[in-house]
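Enquirer: Chain by chain, the residues run as shown.
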Amino acid sequence: MSAVAAPLERRRPPRAVRRRRFLIAVADHSLLIAAAAAFLAPVVFIALTALMTNDQALSAHLWPHPFRWSNFKEAISTAPLLRWTLNTLIYAALATIGILVSSIPVAYALAKLRWRGRNAVMLVVLVALMLPPQVSVVPLYVMWAKLGNAVGFHFVGSLWPLIIPAWLGDAFSIFLLRQFFMTIPEEYLDAARVDGCGELRILTTVVLRLAKPAIAAVALFSVLYTFNDFFLPLLYLSDNPSSWVVSLGLSQYRSLHQVQWNLTMAATLLVMAPVIVVFFLAQRAFVEGVTLTGVKG
Amino acid sequence: MADVRFDQATRVYPGNDAPAVDALDLTIADGEFMVLVGPSGSGKTTALRMLAGLEEVDAGSIFVGERDITDVAPKNRDIAMVFQNYALYPYLTVAANIGFPLKIAGMKKRERERKVQEVAELLDITDQLHKKPGQLSGGQRQRVAMGRAIVREPSVFLMDEPLSNLDAKLRVQMRADIAALQSRLGVTTVYVTHDQSEAMTLGHRVAVLKDAKLQQCDTPRELYARPANTFVAGFIGSPSMNLCTVPVANGCVSFGGMPVSVPAGVAGDSVVLGLRPEALELAAEGLDAEVEVVEELGADAYVFCVAEVNGAPTKLVARSHARQAPHRGSRVKLRPLADEAHLFRPDTGERIDS
Chain A
25 MSAVAAPLER
35 RRPPRAVRRR
45 RFLIAVADHS
55 LLIAAAAAFL
65 APVVFIALTA
75 LMTNDQALSA
85 HLWPHPFRWS
95 NFKEAISTAP
105 LLRWTLNTLI
115 YAALATIGIL
125 VSSIPVAYAL
135 AKLRWRGRNA
145 VMLVVLVALM
155 LPPQVSVVPL
165 YVMWAKLGNA
175 VGFHFVGSLW
185 PLIIPAWLGD
195 AFSIFLLRQF
205 FMTIPEEYLD
215 AARVDGCGEL
225 RILTTVVLRL
235 AKPAIAAVAL
245 FSVLYTFNDF
255 FLPLLYLSDN
265 PSSWVVSLGL
275 SQYRSLHQVQ
285 WNLTMAATLL
295 VMAPVIVVFF
305 LAQRAFVEGV
315 TLTGVKG
Chain B
1344 MADVRFDQAT
1354 RVYPGNDAPA
1364 VDALDLTIAD
1374 GEFMVLVGPS
1384 GSGKTTALRM
1394 LAGLEEVDAG
1404 SIFVGERDIT
1414 DVAPKNRDIA
1424 MVFQNYALYP
1434 YLTVAANIGF
1444 PLKIAGMKKR
1454 ERERKVQEVA
1464 ELLDITDQLH
1474 KKPGQLSGGQ
1484 RQRVAMGRAI
1494 VREPSVFLMD
1504 EPLSNLDAKL
1514 RVQMRADIAA
1524 LQSRLGVTTV
1534 YVTHDQSEAM
1544 TLGHRVAVLK
1554 DAKLQQCDTP
1564 RELYARPANT
1574 FVAGFIGSPS
1584 MNLCTVPVAN
1594 GCVSFGGMPV
1604 SVPAGVAGDS
1614 VVLGLRPEAL
1624 ELAAEGLDAE
1634 VEVVEELGAD
1644 AYVFCVAEVN
1654 GAPTKLVARS
1664 HARQAPHRGS
1674 RVKLRPLADE
1684 AHLFRPDTGE
1694 RIDS
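Chains as they are written, first to last, in the working numbering: chain A, 25 to 321; chain B, 1344 to 1697.
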């Protein structure tokens, strides 16, 4: 056949049909649209307030007039926001690396190795998962304070009481990784064993590669958790402003500056920005992580 | 290269009383293609995994050559294995998958690439080397899995139902390829399958397992011609051998009017008579039977009938020429070929040799 087929002209449905389909789509998503609006409203309110003068911020006007972009500069210069951000990054990075390094081998052992007492240890992990952090906070605080006295280093007031526990395993991360490791077919590991790998090598060359989505999800959860964490920094860092993280710093903005709402909101927006960027960049991994936490049938 | 020897090798899974492999004694000669065959739960895959080092040996021992490998880690056994689902790493290219064991062994990159190329040529997959396993067809994946096993030049190949995920046509083709490859490489091979036709066409010898025990190990021809018991008789051959219990009278049994002599000294008043479909012909005289189903296979046809044997309705299969195949529902006469009859003890199922 030498004739060239004419390109297919796609039929467009009539206008009335398209309109009806659009309205049905809106109706189908109406609940989601309403929920999205409810979630978006505070963010919009923060963004608008951040651009107002302080007088406007206290008035009934919603729209800034004029737009004061200098609020952001002022927010950074009036408080050590950069220092707090750096502290937050140190906390988030070291805690996340610690959680990954300590939780991955435990999860692998719980999911893929056969040993006596495995189920009992899993039970302990589950119990730890169900305990709220507030339960252990007082004894831990006392422990850090006493340890500080014993070794002559003030742990309380530093980031270490927040970071070091992450290097000793995290129940939620262990559980999530274990659930994912269980879904990795045993034959991949057996093949690696026959091909010459020991267990550590299997973990590093095979399991880590196959479990990338789960590991990304754990890292993401950890970064977000540490970034938003307020309770533990408040407990350990309150007395030492040079160690503050952003979540703690933001809460102190009001007392520091006699409630300058516009600057508080500008700082809040600056702090929120990286989280929002991380979320959009890693949205897929995040959603996969959420589905991973559901037990697969 | 090496021979392989199971010496009373036993595996009992934790929490189970019954062994999954029970005192297996089996010797596989250097360069031999041994097929382990049996139904689900017979212990064939467990036996293979014991040889690979992926299962503990709870009693007995396993040797490769003169070396006792019972407690040796899998990576030190010099054994390569092809898995049922191929176990190709989805994140590596075909070349990296084949080269994986060499990389683990610490071989230099250039040497590794040369070996991978050689193996790819042998398996005719050179143009697939840069692809990921997800982009390959089932047959190509199977070849890559074979490649990963071959590239190490191990002393023993293990294959765990490597063809069961392929369609029927491809399976027949790959079967021939595997047989040719094995004879060319001359490496001792242990192959597990539940498909008796695969076992019969591939194996130099076939070991039939049932309920964790070895039933018989012999060449395909011998297994077919002289099955050691009723299980092997029924398992090997398709359609299965007709087995029916018949009374002994005056030193012989009668089936369809044809006498089959029973060796002297056989105790009991009945035996199990085994007749393969080709040993049961349609004739003018013989056992009266009603045809239930006729399976046309082109040149031949299998005639599935019901007849009254020893007072009970019994299903029987006979082979006939396709042109002479009867219709469903018609009545036929079945006559056994007495020379090809097999006899077994009714209590133990063991073969009675004449």
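Hints should not be assumed to be uniformly reliable.
Said to hold, decoys possible - Below, in silico cross-link-like pairs of lysine-lysine (DSBU-like), each with a Cα-Cα straight-line distance of 30 angstroms or less: (1) B:1452 to B:1512; (2) B:1475 to A:136; (3) B:1512 to A:236; (4) B:1418 to A:236; (5) B:1475 to B:1446; (6) B:1446 to A:236; (7) A:136 to B:1446; (8) B:1451 to B:1418; (9) B:1556 to B:1658; (10) A:236 to A:136; (11) B:1446 to B:1474; (12) B:1475 to B:1452; (13) A:236 to B:1553; (14) B:1474 to A:236; (15) B:1512 to A:136; (16) B:1474 to B:1451; (17) B:1446 to B:1512; (18) B:1446 to B:1458; (19) B:1446 to B:1553; (20) A:236 to B:1451.
Worth flagging that the hints you see were computed from the coordinates, not collected in a lab.
Enquirer: Each of the hints needs a verdict: does it hold here or not?
Expert: Results of checking the hints against the structure:
For the hint pairing residue 1452 (chain B) with residue 1512 (chain B), the CA-to-CA distance comes to about 38 angstroms; that exceeds 30 angstroms, so the pair is violated. Note on residue 1475 (chain B) and residue 136 (chain A): the hinted pairing holds, with a Cα-Cα distance of about 26 angstroms set against a maximum of 30 angstroms. At roughly 37 angstroms between alpha-carbon atoms, residue 1512 (chain B) and residue 236 (chain A) are farther apart than 30 angstroms, so this suggested pair is violated. This hinted pair checks out: residue 1418 (chain B) and residue 236 (chain A) have alpha carbons roughly 26 angstroms apart, not beyond 30 angstroms.
Distance check on the hinted pair: residue 1475 (chain B) and residue 1446 (chain B) sit about 18 angstroms apart at the alpha-carbon level, within 30 angstroms; holds. At most 30 angstroms may separate the alpha-carbon atoms for a hinted pair to count; residue 1446 (chain B) and residue 236 (chain A) meet this at roughly 22 angstroms. Taken as a hint, the residue 136 (chain A) and residue 1446 (chain B) pair is honoured in the structure, with Cα atoms around 24 angstroms apart against an allowance of 30 angstroms. Between residue 1451 (chain B) and residue 1418 (chain B), the direct Cα distance comes to roughly 19 angstroms. Compliance with the 30 angstroms bound is thereby established for this hinted pair.
Proximity of residue 1556 (chain B) to residue 1658 (chain B) is assessed by CA-CA distance (about 28 angstroms); at most 30 angstroms being required, the pair is judged to hold. Among the hinted pairs, residue 236 (chain A) with residue 136 (chain A) is consistent with the structure: their alpha-carbon atoms are about 17 angstroms apart, no more than 30 angstroms. Using a Cα cut-off of 30 angstroms, the hinted pair residue 1446 (chain B) and residue 1474 (chain B) holds, with the two alpha carbons roughly 19 angstroms apart. For the proposed pair residue 1475 (chain B) and residue 1452 (chain B), the alpha carbon gap of about 19 angstroms is at most 30 angstroms, so the pair holds.
The straight-line distance between the Cα atoms of residue 236 (chain A) and residue 1553 (chain B) is roughly 42 angstroms, outside the 30 angstroms bound, and the hint therefore fails. Between residue 1474 (chain B) and residue 236 (chain A) the CA atoms are separated by roughly 20 angstroms; this keeps the pair inside 30 angstroms, and the hint holds. About 36 angstroms separates the Cα atoms of residue 1512 (chain B) and residue 136 (chain A), which puts this hinted pair outside 30 angstroms; it is violated. Simply put, residue 1474 (chain B) and residue 1451 (chain B) have alpha-carbon atoms about 22 angstroms apart, close enough for the 30 angstroms limit, and the pair holds.
Simply put, residue 1446 (chain B) and residue 1512 (chain B) have alpha-carbon atoms about 35 angstroms apart, too far for the 30 angstroms limit, and the pair is violated. With a CA separation close to 11 angstroms, the supplied pair residue 1446 (chain B) and residue 1458 (chain B) stays within the 30 angstroms bound. Between residue 1446 (chain B) and residue 1553 (chain B) the CA atoms are separated by roughly 39 angstroms; this puts the pair beyond 30 angstroms, and the hint is violated. With a CA separation close to 28 angstroms, the supplied pair residue 236 (chain A) and residue 1451 (chain B) stays within the 30 angstroms bound.
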